[in-house]
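Listed below are the residues making up each chain.
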Amino acid sequence: MIRMFHVYKNYPNKIQALRDINIHIRKGEFVFLVGPTGAGKSTFLKLIYRGIIPTKGQVIVDGINIARLKPGYIPYLRRNIGIVFQDFKLLYNRTVYENISFGLKAIGATNFEIKQQVKKVLNLVGLEHKKKTKPHLLSGGEQQKLCIARAIANEPLILLTDEPTGNLDPYNSWEIMKLLFHINIRGTTIVMASHDKLMVDKAKKRVVRVERGRIIEDTQRGIY
Amino acid sequence: MIFENMGFYFREALLSFRRSALMSIAAILSITTILLIVGVFLLISVNLNLFLGNLESQLEIIVYLEDNISKGELNTLKNNFDSIDGIKEVKFVSKEEAYQRLSKDLGEQKNILNAIEVNPLPASFEIQIKDPKMIEQIANRIAEFKKVEEVEYGRETAEKLLNFTYIFRIAGMLVLALLVFASILIISNIIKITVYSRRNEIEIMSLVGATSWFIKWPFIIEGFLQGFISAILSIIILYNLYFFAVNKVHQAIPFLPLVGDNLDLLPMGIAIVLLGSFVGILGSMFSVGKYLNV
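As you go down the protein sequences, you meet chains C and V in turn. Mapping the first sequence onto my numbering, position 166 (from 1) lands on 166, and the numbers just tick up by one. Adding 224 to a residue's 1-based position in the second sequence gives its number in my numbering.
If you are wondering where the hints come from, they were derived from the structure by calculation, not from laboratory data. Be aware that one or more of the hints could be misleading.
[What the hints assert, rightly or not] Calculated pairs, PhoX-like style, for lysine-lysine (alpha carbon to alpha carbon, straight line, at most 25 Å):
id	chain 1	residue 1	chain 2	residue 2
1	V	416	C	89
2	V	370	V	319
3	C	46	V	514
4	V	514	C	70
5	V	295	V	315
6	V	384	V	302
7	C	205	C	178
8	C	178	C	197
9	V	315	C	89
10	C	119	C	197
[Stated by the list, open to error] Which chain C residues face chain V? A few, computed with CB under 7 Å, are given here:
id	residue
11	78
12	79
13	83
14	89
15	107
16	109
In this text, a Cβ means the ideal position worked out from N, Cα and C, and glycines have one as well.
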């Protein structure tokens, strides 16, 4: 599903964010991306959804070489990728329902499909009763759930999550993790950047450790 | 896809208008103010043009005729003048008429005319021309006709006047161009601010896989609405202010020519609407484009 071959990423200020990254993430896998702040985890995720392109090397996502992707096709790549951000990136002047329906409308879903799909994902994350609420009235955990609901609404092949439990208490963190496992079981490939030792250890999934831009460890059923 | 979604784009544009009402109102008021300034200058320049045109149209050629001219020769001469390109009107002033005019002009002093036994004034043609710039050329041509004693057109005055109106027109156009340029910059910057305040929205839309046009359309419509509404507002204000001013001026200086016909003012209204709408559309299109590259 995701392959990287000798990927380097340098930023304009000459910081080497990633160095010689080689990885293969298979369809349906759940991968933790761990490492200290600034290790290159976010850069790794950005490469997958083509927020940036590699300085050197190849990134193949679902058979598409993202460096060769024309700008006009980026939206179509992203429709296969759900993204959950640590800072939520919700539209605070729209309701819970609208935050999800909006993304579906953007990819051309009909009103009927939108209704069905929003209901389905809100049920899944347990926010059905708050569909008319504005996001700023939700708790942190609920906002994160809303982000996940939005990210999976169009049933993407890949779900990228950047420290989704970073701002949450252990109870809410585990709730989010359970939700992600559930989504993973249904076939979605998940890449989750995380600092959360407790969660990573508890999950017993593949752990890829990044430090100073390099992958220094890659273990199945690993720990932080 | 575009037309399928037009309804959605319009709803989105109107919704975001409502969601950020304060921002929208501020933008509309600012754009209205800019368009008002442009409009006031347009009105001034249109009236200035009318005034200059009036001045220029007062330029005329006076052709004094020899005393021994026969009626037949007079007619031929008039026909010849009529056939010259660029002549608007030819008016004959007979010796008697000239005498009458002079005595009228002299007023109380007309008695001095009694001292003269024969009417010394020549008959003449007063010729009005279409393009004041042609006056010298036409006057020279007329002077070549037989039975024409003298041609007079106030050469120096004409040249000075034409220079003056030329400079005024050029200056007016320059100021107008500058003003329009400045207003384009200011309006597009105002639009840019409204788009900037929603850059998160643009980023999120782009991340969920919306195409760039899907993101742009509501902003374009919103930009158009902001420009259009501002233009209409400024036209309403300008219209009322202008006719109020025209009335006041006419009370003070009744003979001053002013543009007062709605039809003459229409092109200006159209120009303001086009300026507001186009800059609104283009401004939002380019601003959204800037935040699209996530």
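Now the hints, each set against the structure:
no. : hint             : result
1   : 416(V) to 89(C)  : 21 Å, holds
2   : 370(V) to 319(V) : 18 Å, holds
3   : 46(C) to 514(V)  : 19 Å, holds
4   : 514(V) to 70(C)  : 18 Å, holds
5   : 295(V) to 315(V) : 15 Å, holds
6   : 384(V) to 302(V) : 29 Å, violated
7   : 205(C) to 178(C) : 13 Å, holds
8   : 178(C) to 197(C) : 16 Å, holds
9   : 315(V) to 89(C)  : 82 Å, violated
10  : 119(C) to 197(C) : 33 Å, violated
11  : 78               : 4 Å, holds
12  : 79               : 4 Å, holds
13  : 83               : 6 Å, holds
14  : 89               : 5 Å, holds
15  : 107              : 5 Å, holds
16  : 109              : 11 Å, violated
Hints 6, 9, 10 and 16 from the list above are not met by this structure, while the remaining hints are.
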